[in-house]
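**Student:** Chain by chain, the residues run as shown.
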Amino acid sequence: GNSVTQMEGPVTLSEEAFLTINCTYTATGYPSLFWYVQYPGEGLQLLLKATKADDKGSNKGFEATYRKETTSFHLEKGSVQVSDSAVYFCALWKSSGDKLTFGTGTRLAVRP
Amino acid sequence: GAGVSQSPRYKVAKRGQDVALRCDPISGHVSLFWYQQALGQGPEFLTYFQNEAQLDKSGLPSDRFFAERPEGSVSTLKIQRTQQEDSAVYLCASSATGGGSGNTIYFGEGSWLTVV
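Just so you know, the sequences run in chain order A and B. If you use the working numbering, the first sequence corresponds to residues 1 to 112, in order. If you use the working numbering, the second sequence corresponds to residues 113 to 228, in order.
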C-alpha cells in the first residue's frame, strides 16, 4: 500500500539556519505530494504541493522538489525564523484511493 | 463559514460513553474526510464522503465507529462505548471535489477526545 516516511524530530535550529526535513514515499504510479504544517493550537494547513515528477512546490520561503527516481520530496528553507516552529507533515494522494496518506510528522523548534 | 468548523473542540468521556463529533465543512464542498490523529503521530484516514454518499469507510477501526452526512453538508462521527484507545484528535477536512492534485483539502482544528 501507500506509505510516507519522514525524518524523526524534534529538529532544533537557530534562527537563520538552513532547514531540511527528509521525506520519502512508497506508492505505485504517480501520486501527488504535499507538505502540511501544524502550528501550535491550529489545524493542518497546506504548505506546498507538487503533482508530477520534477515539479517544485514553494511557499513562504519553503521548497520541495518531487524526485521520482529517489521517491523523495524533501522540504527545505534557506533561513528559518522563530515563527516557523511547528510540526511538518509530508503526505501523498493517489486518486485511486481518494485519500491523503500522512507521515508521522517532524517537529521543528527554532531558537532566537 | 470561512473554514471547516468542528465541535466540540474538547471532549472528556467516561469509558463506555457514546460521543458525537460534528463537522461543518466549507460551504459547497463536495468531499468530506475524517481522520484520527493520535498523540505524536500523523493523521490516519477514517472515512470519506462525496456529498451524502460514504464512498470509503475502510479506515474506521471498529464497528463502534459510525459516520454520516445525510444531507451532503454537515457530518457527524459517532463513537459508541468509548474506550481509552479512542483518545485522539479527530480531524475533519473538506475539498471542492476529490482533492489531490486538483483541489486543496482544508482541515478543521480538530476535536480532542480524551476517554477516562
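These are computed hints drawn from the structure, not numbers from a lab. Take these hints with a grain of salt, some might be off.
Covered by chain A, according to a simulated footprint, are these stretches of chain B (three or more residues, beta-carbon under 8 Å) [as the list claims (entries may be wrong)]:
id : segment
1  : 125-137
2  : 182-189
3  : 219-228
Below, computed lysine to aspartate or glutamate pairings styled on EDC-like, alpha-carbon distance capped at 16 Å [unchecked claim]:
id : chain 1 : residue 1 : chain 2 : residue 2
4  : B       : K169      : A       : D54
5  : B       : K126      : B       : D168
6  : A       : K94       : B       : D168
Heads up, the beta-carbon is just placed ideally off N, CA and C, and yes, glycines get one too.
**Student:** Looking back at the numbered hints, which does the structure fail to meet, lowest number first?
**Tutor:** 1, 2, 4 and 5
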